[in-house]
Every structure is written in structure tokens, then in C-alpha cells.
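Position chain G against the provided structure of chain W, taking the given hints into account.
Protein chains in written order, with numbering that gives the first Met the number 0: chain W, 0 to 540; chain G, 0 to 139.
In short, the hints are calculated from the structure, not lab data. One should not assume that every hint holds.
Derived list of chain W stretches under chain G, where covered just means 3 residues or more per stretch with a C-beta under 8 Å from a C-beta of chain G [said to hold, decoys possible]:
hint, segment
1, 105 to 114
2, 117 to 130
3, 165 to 174
4, 353 to 362
5, 457 to 466
In this text, all values refer to a predicted model and were calculated from it rather than measured experimentally. C-beta: ideal position from N, C-alpha, C; glycine also.
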Amino acid sequence: MSKLLQEKDASGAAADARFTTISGRSVAAVYRPQDTRELDYARDLADPGQFPYTRGIHETMYRGKVWTMRQFAGFGSAAQTNARFKYLLEHGGGGLSVAFDLPTLMGRDPDHPLSLGEVGKCGVAVSSLRDMETLFEGIPLDKVTTSMTINSPAAMLLAFYILVGEQEGVGPEALAGTLQADILKEFIAQKEYIYPPRPSMRIVVDMIRYCTEQMPKWNTISISGYHIREAGATAAQELAFTLRDGIEYVQWCVDAGMDVDSFAPRLSFFFNSHSDFFEEIAKFRAARRIWARTMRERFHAKNPRSWMLRFHTQTAGVSLTAQQPYNNVVRTALQALAGVLGGTQSLHTNSLDEALALPTEAAATIALRTQQIIAHESGVANAADPLGGSWLVEKLTSDIEVEALDYFRRIDAMGGMVAAVERGYPQREIQESAFRFQQAVERKDKVIVGVNEYVMQEKPQPILYIDEQVADEQVARIVALRASRDQARVDRALAALKDAARGTSNLMPPILEASRAYATVGEMCDALREVFGEYEEQPIF
Amino acid sequence: MIPEMTETAVRRTRVVIAKPGLDGHDRGAKVIARALRDAGLEVIYTGLRQSPEQIVAAAAQEDADVIGLSILSGAHLPICRRIVELLRERSMDSVRVFVGGIIPAQDLAELKQLGIAGVFLPGASTQDVVRAIQNPAPGP
Numbered sequence: 000m001s002k003l004l005q006e007k008d009a010s011g012a013a014a015d016a017r018f019t020t021i022s023g024r025s026v027a028a029v030y031r032p033q034d035t036r037e038l039d040y041a042r043d044l045a046d047p048g049q050f051p052y053t054r055g056i057h058e059t060m061y062r063g064k065v066w067t068m069r070q071f072a073g074f075g076s077a078a079q080t081n082a083r084f085k086y087l088l089e090h091g092g093g094g095l096s097v098a099f100d101l102p103t104l105m106g107r108d109p110d111h112p113l114s115l116g117e118v119g120k121c122g123v124a125v126s127s128l129r130d131m132e133t134l135f136e137g138i139p140l141d142k143v144t145t146s147m148t149i150n151s152p153a154a155m156l157l158a159f160y161i162l163v164g165e166q167e168g169v170g171p172e173a174l175a176g177t178l179q180a181d182i183l184k185e186f187i188a189q190k191e192y193i194y195p196p197r198p199s200m201r202i203v204v205d206m207i208r209y210c211t212e213q214m215p216k217w218n219t220i221s222i223s224g225y226h227i228r229e230a231g232a233t234a235a236q237e238l239a240f241t242l243r244d245g246i247e248y249v250q251w252c253v254d255a256g257m258d259v260d261s262f263a264p265r266l267s268f269f270f271n272s273h274s275d276f277f278e279e280i281a282k283f284r285a286a287r288r289i290w291a292r293t294m295r296e297r298f299h300a301k302n303p304r305s306w307m308l309r310f311h312t313q314t315a316g317v318s319l320t321a322q323q324p325y326n327n328v329v330r331t332a333l334q335a336l337a338g339v340l341g342g343t344q345s346l347h348t349n350s351l352d353e354a355l356a357l358p359t360e361a362a363a364t365i366a367l368r369t370q371q372i373i374a375h376e377s378g379v380a381n382a383a384d385p386l387g388g389s390w391l392v393e394k395l396t397s398d399i400e401v402e403a404l405d406y407f408r409r410i411d412a413m414g415g416m417v418a419a420v421e422r423g424y425p426q427r428e429i430q431e432s433a434f435r436f437q438q439a440v441e442r443k444d445k446v447i448v449g450v451n452e453y454v455m456q457e458k459p460q461p462i463l464y465i466d467e468q469v470a471d472e473q474v475a476r477i478v479a480l481r482a483s484r485d486q487a488r489v490d491r492a493l494a495a496l497k498d499a500a501r502g503t504s505n506l507m508p509p510i511l512e513a514s515r516a517y518a519t520v521g522e523m524c525d526a527l528r529e530v531f532g533e534y535e536e537q538p539i540f
Numbered sequence: 000m001i002p003e004m005t006e007t008a009v010r011r012t013r014v015v016i017a018k019p020g021l022d023g024h025d026r027g028a029k030v031i032a033r034a035l036r037d038a039g040l041e042v043i044y045t046g047l048r049q050s051p052e053q054i055v056a057a058a059a060q061e062d063a064d065v066i067g068l069s070i071l072s073g074a075h076l077p078i079c080r081r082i083v084e085l086l087r088e089r090s091m092d093s094v095r096v097f098v099g100g101i102i103p104a105q106d107l108a109e110l111k112q113l114g115i116a117g118v119f120l121p122g123a124s125t126q127d128v129v130r131a132i133q134n135p136a137p138g139p
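Only chain G is shown next, with the shape it has when bound in the complex:
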């Protein structure tokens, strides 16, 4: 049994789930948002067609620990570069950014170099995503 904890003792991880770019295929984003909520995380879903500026502003406003981006269209590199840049400008480097979607293998190295905390490819289970978000890897 887990001992009972009061709300003040534990701050629930706050996650902003966003669909950047022009794509509207939101099945994955919504399934992930719901699975994270069911796992006890605080989830804010931005809705469709958010610019990097809007996503980072939402993360700041919601005091988010994590940004989860769902990108299927191939626009991941320019979008992630811009989001990382904006987080740095606003001294929000501690916000972990995850990407889920269709990401060619040859782009994984650049995403890692940008500081993206994790990439989920087709076939990943919602439990993989929940675990990665709940248990941050030890810092460098």
C-alpha cells in the first residue's frame, strides 16, 4: 500500500499536450492526453494548430513540467528548434519536451542534440509514455 499523501505534499506533474503546425490528426494526442490524466497527471490540451510561441506561452502560464508535442506531418525539426529556442529565451530550460509521431530515424540525433527528452514512435504504448514522463532520466 502507498501511504496516503495530502495534496500539498505531492505536486502532480503538469503536462501541456500540443498539436503544433497545420495538421489536424489528433487521435494520438487525445489518446495520450487521456492516458496521462488517467495515470494521475495534470493534463492541459492546447487544441489544434498552435504556433511554437503559443505552446511555450501555454506552458509558462500553466507552470508545466512537461510539453508533449504530437507531430505526424514531418514538420518536427523546425518546430522543435523553435520551441527549444523559445524555452531558452524565457529561462524555461527545466521544462522537458517530448515528441510523439512519425519521425524519420535520421532526425533522431538532431532532436536529441536539441535536448528533446524523448521521442515516441508508432507502436509506443501509452504506458511507455506515462513511465517516461513520470520518471525523468537522471540529468547529465
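Extracted from the complex, chain W is given alone in its bound form:
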């Protein structure tokens, strides 16, 4: 036993801190049948594939089909990322997932002053339909499913994708994939917002309506806890805020006159899988139970597909360490296993070097192999919900559910999530948890191997380095694009977009027309900035 642990054993209070989850939840020494005595199997658990889906949404889970191994990728230019996509597809990746750079995410062209240093760094630069054509060159859109992590300008990137499909002869009804388009968690956690919350919600509702009518195989929105967790939330806060965001979207769509069963089956979720193994599995199980009951009881949905919570999982980027980076392979494997035991529909495993940079091809390959080993060697995919009935896991599932429902009540009392966001409530809760965790790490109440314990000297890790040339080339491309297109058509399309924004008609058709005319992401977002204004949050800490 290390000196650290011995010292803590001597003082009772400090010793307790060791027996808490990463979220600070106390864990008992042993769990017994009486801990789960209030659970009724048929009512609270039921077989996999049965309401409330605590044990999974499919009867046989991964026996029918293993989860989709969907690795998030994007860096540099569209051509560079196109090559990485083809590499991932050749090596057994089942779906594509696009990471965009910050100018694209924030609706800025690469030559905007705030894009200084950001072009192609955190993801791929896609400034117009032209870049999207390059990004998917040689990839048949009727054969792959594509997830796009984009929020404020989601409607523009969706339009680009639809138009690339059109060029390939694949109609919108045949396109399958997911648009993140979850603006609420941007205000709450990741802060990639452009417009104020209410017009931002209107754009989301317009997109959901358009996709519901035109794109039956498309997941209209990916309601995300991932970023909420990365910002410092506990497991229960991640769960509560994400599902409450989901309720908000459903409510807004219903209020806009849509039938809940017309759109709810295409809603999807996205969770973080963090390091505390059993707590994470419990979180995923609780998520399904809460959502199923909410959809049936609160929204009176009748279609079982509206009750089923389908979700993507990504292992916790924030848990990766820059120190001794190979240890991250082990962290990621455990987190991925928790996602699988929790019944995820698709999974991204982080690469070992992601605390340092975007992943190298070698690191991305190990990350994908990690999933393949879990799927094909470990045997955990043979039976559905293998931990169902564990007194510990069932108790944690119920406890996390109770905590999440308590947050629902508080947010409902504030008038819903948009109102709660406007007063900074979830933002402050997360900030508080983030600070508490940092203090726990600095006190060594929480050990992070290689960072606050088991530290050693090491050699630098080779990383993917994006040089500044990418930015110059992207700027040159957009300058050439602006010179080559029919400017009068662009101007007309942007004027029509502003008119639609001032009124109440759906924004998707004018965005499609502007995209077709090769208007840039920055130009379309500027048109909406002019009408909706820009959001600025109170800088509090």
C-alpha cells in the first residue's frame, strides 16, 4: 500500500473520499438484495427490448448486430480528411463522423479576423459546398452513414450534405446519418453558440420538421451530454441536463404543431463514458428508463420507437493524460467497455495522444482496434445487459435516476431549459462540479495515474502537427470560390434567407438555395446574425 493510502486510512474523513465515484457519490462496501427491494422487474427493468428499456432497446442487443464503430475524424483540409475517412472505412470502421474546425463550427469564413490560427486545427475546414464535395469525394453516400458534429451552423452543413448526395444521385430520403444540432448544450457547456437561445431553438425546430418530412433515415438531432460532462458535470448532472434538453426540444416541436410520434423516433442521444465503470453503466441504464417513461407519460407518445432512447457514446477525452500517454489506451478500453455494457448503439474510442493533439493515424488505429477486441474477443457482446440484476448496478441506476428527476423538477420550476440556460443555472452547477473535482485531484483524494501519483520522466510522444499552410490554402480556396460563382444569385439567396428569418417560414429551403449557389458558411451565418443578433454570455467564474 502506498504512503498516500496509509496516511488516509489513519484519518477517517479522508478515507471516505476514496470510496466515492468520480462524481463524488458514496459507494457502500457491499450491496445486498435489500438494496434493490423496491424494484419491480416488469415495471422497472423488464427484458431487453421491453418498456422501459432499462436493459436495452433490442431483445438480443449485440447478437443481432454489434454497435457501430464510429470514429470521429477531421483535420486540415477537406482532401486530407477525405483520405483519413477512406482509411477508416478500409480498416473496418462502420460509419463516418465529421469533426469540423472552429471557424466552421462558429460560422466564420477562414479569412475572418477571429479565424486567426484556427483554420483546419481542431477539425476539417468546410467553408462551402465546394469543400463538402471534396470531403466526400469517392464515398457513396447511400452506402455509409455519416454523423456531423455541428451545432450553430448545422442547417448549412446539412444542406451541403444533401446537395452532395444530389450530385451523386442519392436523394435526401436515402441519406442516413446524424446531425448533432444540439444548441442547448452549447449554451450550457461547449459554448459554440452564435444567436440567442430562442432564435437558435427556432432553427432546430425548422430542421427537425424538414428532416421529418424529407429524410426518414436521418437522425435529426443528437442530444448531447458528452460536452456537459467534459465541462465538469457529474454523471447525474450529465444525465439530467441532457435528458431535460431532450424534453425541451420535444416540447418546442409539439408546441410548433408537430405530432410527437412523427419526430420522436428520430431523436438520438450522445453520452460520455467516463472512468468510473459501474456509475457509467448505471447512467446509461437510467437514461433509457427515464426517457421511456417521460415520452410515454409526459408527452403521451404511442409509438414504442418514440420511447426508446438510442445513443452514441464517446470515451472521456477529459480523462486522457498528456503524461505517459500509452496509459490512455487502458483508460479508453475500460470506458468503451462501460459503454458496451451500458448498451450503446455506436461508439467512438479516443486515441492515446488526444491530450496532446489530434490523433495520428497509428493512434487512431489502436483506438478502433480496442473496440474490435471488445466486440470479438471479450465475449461481453454475447448476452444483453450482462450486469442487469447486479445489486450494485441496479442500486446505482435507481439512485442516479432519482438525482436526475430532482434536477428535472428544479428546471421545470424555472420554466424549462431555455429559461434555466438564460439564467445560467446549469452553467453554474457544472462550473461548481469542475472546481470541486480539480480540488479533489490536488488533494489526491482522486488519483490520476501519471499526473498526481506514479509520475515518471518520459520521452516526448510523436504527434500530428497541423501547420499554418493549411490556413493559407483554405483562404486562397475561398477567395477563388467567391470570384468564380454567380454573385447575383448568391446575393438573391442571402436576401431570401434574411426574409425567411424575419418571418416564420422554414429556414431550410432558403439555406439549401444559398448553399447551391455556393454561399459560404460565414455568409449564411452573417445573414442570420443580422436578423437574430449574437449571444454573449455573462463572464462569471
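Relative to chain W, chain G alone:
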């Protein structure tokens, strides 16, 4: 015991914490801002998406001793070059600039050459940051 000091005797170190560029991941910036405040420093947090011009203007207006930049996106080199240039133009060379975030090892030499007073990489503790800001290294 530290002898009691009046407010006029000691000027608290004034720190502007800023998030330049387009990135919104502010967990680190906020944790650092709070730890510095708890350690007794005067902290001004600019909020998100500040241009180098806005950050230097805030430092001038607040009479800051230190600028702390949180950059995770990879945009650190062009942003730091511009901030150092602006500080020089405004004769604010005495303001020490620190950077925290994800900075590739190969960029550390250029940051040092620019005159960046310190770089904090993933895993740095808030106490490392507090100490470095409170105890300036002896000048060249």
C-alpha cells in the same frame, strides 16, 4: 504569522484571464480564474472569443500585471505573436503573459522566444499556476 498589512502597503497582483480565438471550452480558464482569486489575486475574466486587440485593451484598462491565456485549439502561435506585438506597441512590455492549454512541444521554443513568461500544459496544478504568477522569475 504574517504581519498585518494595510491595503495601501501591498498592491494585489492583477491578472486578466482570457479565452482568445473561437474556442468555447472554458473549463480550464474558469478553474484557474477561481484558484487565483482564492489565492488572493485580483482576477478579471474577459469571457469568450476575445481578439488579441480586445485582450490587450482589457489589460491596459485594468492596469494588469499578468495576462493568462487559455488556448486549447492550436491557435496559440499566431495569437501569442499578435498579443506580444500589441503589448510592445503600447509600451506594456512589463505585462507578463502566461499560456495554458494544449501546446505541442515543438512550439515551446518559439513561445519562449516571443517572451511568454510561462506555459502550463495538461496536468499542471492550480498551485503551479498560482506560484508562477505570484513569484516572477528574476529578469534577464
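We went through each hint and held it up to the structure:
1. 105 to 114: holds (count 5)
2. 117 to 130: Three-residue rule met by the segment 117 to 130 of chain W, so holds; n is 3.
3. 165 to 174: This one is violated; 0 residues, fewer than the three required, reach chain G with a Cβ under 8 Å.
4. 353 to 362: Held - the segment 353 to 362 of chain W has 3 residues with a Cβ nearer than 8 Å to chain G, which meets the minimum of three.
5. 457 to 466: holds (count 4)
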